[in-house]
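The chain contents come next:
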Amino acid sequence: MFMPTEEKPVFTPCDNKQRLIRYVDALREATSQEMANDERVFLFGLDVDDHKGIQGSTLGLLEQFGPERVFGTPLSEDAMTGFAVGAAMAGLRPIHVHIRMDFMLLAINQLINMAAKSHYMYNGQVNVPLVIRTMIGRSWGQGAQHSQALHALFMHIPGLKIFAPSNAHDAKGCLITAIRDNNPVIFIEHRLLYSTEGYVSPEVYTVPFGKARTFVPGHDITIVAISHMVMEALRASKHLEKIGLSADIIDPISLRPLDMETIVNSVKKTGRLLIVDNGWLTCGASSEIMARMIELLPEGLNGKAIPMARMGFADTPCPTTKNLENLFYPSSHTIAEKAYTLISGKTNTDWLPAATSKTEIDAFKGPF
Amino acid sequence: MTQDQALIARLYQSMLLIRELEQHIVDVYHTDAVKSPVHLSIGQESVAVGVCDPLNSDDIVSNTYRCHATYLAKGGDINGMMAELYGKKHGCAGGKAGSMHLVDIKHGILGASAVVGTTIPIAAGYAFALQQEAKKTGKQRIVASLFGDGATEEGVFTETINFAMLKKLPIIFICENNQLAIHSPLRSRWASEHICERVASFGIRTHQVKNADIFELHQLISKEAENIRNGISGPVFIECETYRWLEHVGPGDDHHEEYRDPNELALWKNKDQIARLANMLAPHEKEKINQKVAALIKNAVAFAEQSPYPDEEELFTHVYAN
Ligand SMILES: Cc1ncc(C[n+]2csc(CCOP(=O)(O)OP(=O)(O)O)c2C)c(N)n1
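Chains as they are written, first to last, in my numbering: chain A, 6 to 373; chain B, 176 to 497.
Keep in mind that a hint or two might mislead.
[As the list claims (entries may be wrong)] Here are some of the chain A residues that sit facing chain B, going by a computed Cβ distance under 10 Å: (1) A93; (2) Y127; (3) E293.
[Unchecked claim] Ranges of calculated distance between the beta carbons of each label pair, as one might list FRET restraints: (4) A:T321 <-> B:R364: 37 to 43 Å; (5) A:L110 <-> B:G425: 33 to 39 Å; (6) B:E372 <-> A:A368: 49 to 55 Å; (7) B:P458 <-> A:P163: 54 to 60 Å.
No lab work stands behind these hints: they were computed from the structure. Just so you know, these numbers come straight off a predicted model, no measurement behind them. Where a beta carbon is used, it is the ideal one built from N, C-alpha and C, also for glycine.
Put together the whole structure using the sequences plus the hints.
Structure below.
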């Protein structure tokens, strides 16, 4: 189903209607289709209605649906989130957009104290069907406050659901699922994925919560990768392939609920697990996945502990300058290296290709 | 009974119900029947009643943790409330909410929050939905958002005031100014004591009601609600002076503490709106209401006492909506 090329991992078409479109266009298409489909859906947030349209993901929607259903807001993340919660309780289905995940920190009271708890605290008397679209930044000097990936913070909270799609196909299907869900959904997009292309059906379709996707199947190791790290893991699997090693690449897609079954089944087959998060390690998604793996397979496999490792952001704020920033993130090379060591016990790197090909990481330019 | 007398009787009953029910909480608190913090409104009843009585039954109120008064004044189910306070299965939220989170959506009472200021933007979001609804139905329902003076210090208050005016939302903001936030007086919190002036700078029409005057507030809400319903006005802000007779949280009187002035209590007891209305009613009329209120509370207590505690499976229900 999945065709990893060096630069452009894309879904192969399942039917002849599918088109090769960008992640950002998939987001816009999903929003447009669901807004046409359900008049309760509205889209708002800082700058959703300007001429740049959130990197293009909301462009044209103002013209299509008018200013009552597509509107910008003052810089009031806290109140705007509460506003969305109230509108959702009243039966509307808001999509609130944050151009940076970092800015969600100003909305966290509403998200955690109200959005996540209202259905429970009021014993089912209200629902909060709310989608928070939020973008993780990276590269070209985004720095410490425009690059944070805070999914682990939200994974902690019962009452929230979290999607972090890694490709155009899932971006569309997940967003439609999120809009139709009757709970608050944190919908995490990665800025570097916006320009990546995938085969996407023009039809309306959904991608479910709690179902991980296995990309290339492999035998030697299971690599669970999150958000943009899926692309790096796929590139890493190509490096490994060159020396005859194969990896099961799994994208959880949905971080809460989390599909451990797919991961466990893969590890039972490969015997090894590497988790590559697009985030910090401490109390992170990788900690959670590893802990659950141990809970689910406490005896290990065949009486032996399962070789496991995890990778993610360096344990520092994100630096701005390029050479340090490169070190901050796992890369296809460091992932392949770690996988190789887990499989072979060796640490030599002479088999790794030189980093030559251009990726979406190098291609990205500002000024935003 | 003249129309005025009918109104007086209704307002009296509504305020008395709040006071007597809360007095019941005070009386039983030592028994630990109500195992949760309670923020009582004794002394402040006229605000909730003055705001809620003029509203239609399908209008909406939004609340703080000090929510018993508004819940009752808006017509919330009293049995469900008492059972909720007792932590019982038939409480308005099955025991999951307790005193600080009362809710009764059927009667237009949004869930209360224990986090100061949090419900203010939610009320505005609800008002936005009602604004959209009115475009289809032609009928404008409105939201009344009640909060304390302390809540106006939260950034989200000012953010919401600005946005409500920007979108001309059908909402009345009511600041219940009891001049205290826990034990902290206004003078140690506000750089300027003129909240109405601050809010008016956003272009919102503001009013101040002094002395917790039930009639003045009632009339004001009636008029402003009509203005909003008829599209004559956008949001309105009302500051209502009032006074908390008891401690911030719990059943006690703390006027012996340094932060309070016992003379103030005497002053405000003189302005008590329940006593004021009681004096305006014929004795037999008053007595009838007193008995009715006592019966309502007695029934509610019996209902709460008889209701079982929630089943253990309830721990896991309603974490997510279907
Ligand atoms: C965000 C937040 N900060 C602090 C508190 C602690 N707290 C509870 S009630 C209260 C005072 C609020 O005063 P006010 O808004 O005037 O309402 P009142 O209690 O007088 O009705 C405070 C500070 C809280 N619950 N929430």
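Practice task
Return holds or violated for the Cβ distance of E372 (chain B) and A368 (chain A) against the range 49 to 55 Å.
Solution key: 54 Å, holds
Problem - Per-residue hint verdict: A93 (chain A), partner chain B, C-beta under 10 Å - result: Since chain B brings a Cβ to about 7 Å from A93 (chain A), closer than 10 Å, the hint holds.
Practice task
Could you check the hint for me, namely that T321 (chain A) and R364 (chain B) are 37 to 43 Å apart, CB to CB?
Solution key: Roughly 39 Å apart at Cβ, these two residues keep to the hinted range, so it holds.
Problem - Interface hint status, E293 (chain A) versus chain B (Cβ within 10 Å) - result: 18 Å, violated
Problem - Given hint Y127 (chain A) near chain B, where the shortest CB pair must fall under 10 Å - result: Constraint on Y127 (chain A) satisfied, holds at 4 Å.
Problem - G425 (chain B) and L110 (chain A) - C-beta distance against the hinted 33 to 39 Å - result: Hint holds: Cβ distance 34 Å, inside 33 to 39 Å.
Exercise for the section: Return holds or violated for the Cβ distance of P458 (chain B) and P163 (chain A) against the range 54 to 60 Å. Expected result: 55 Å, holds
Taken one by one, the earlier hints fail for this structure only at number 3.
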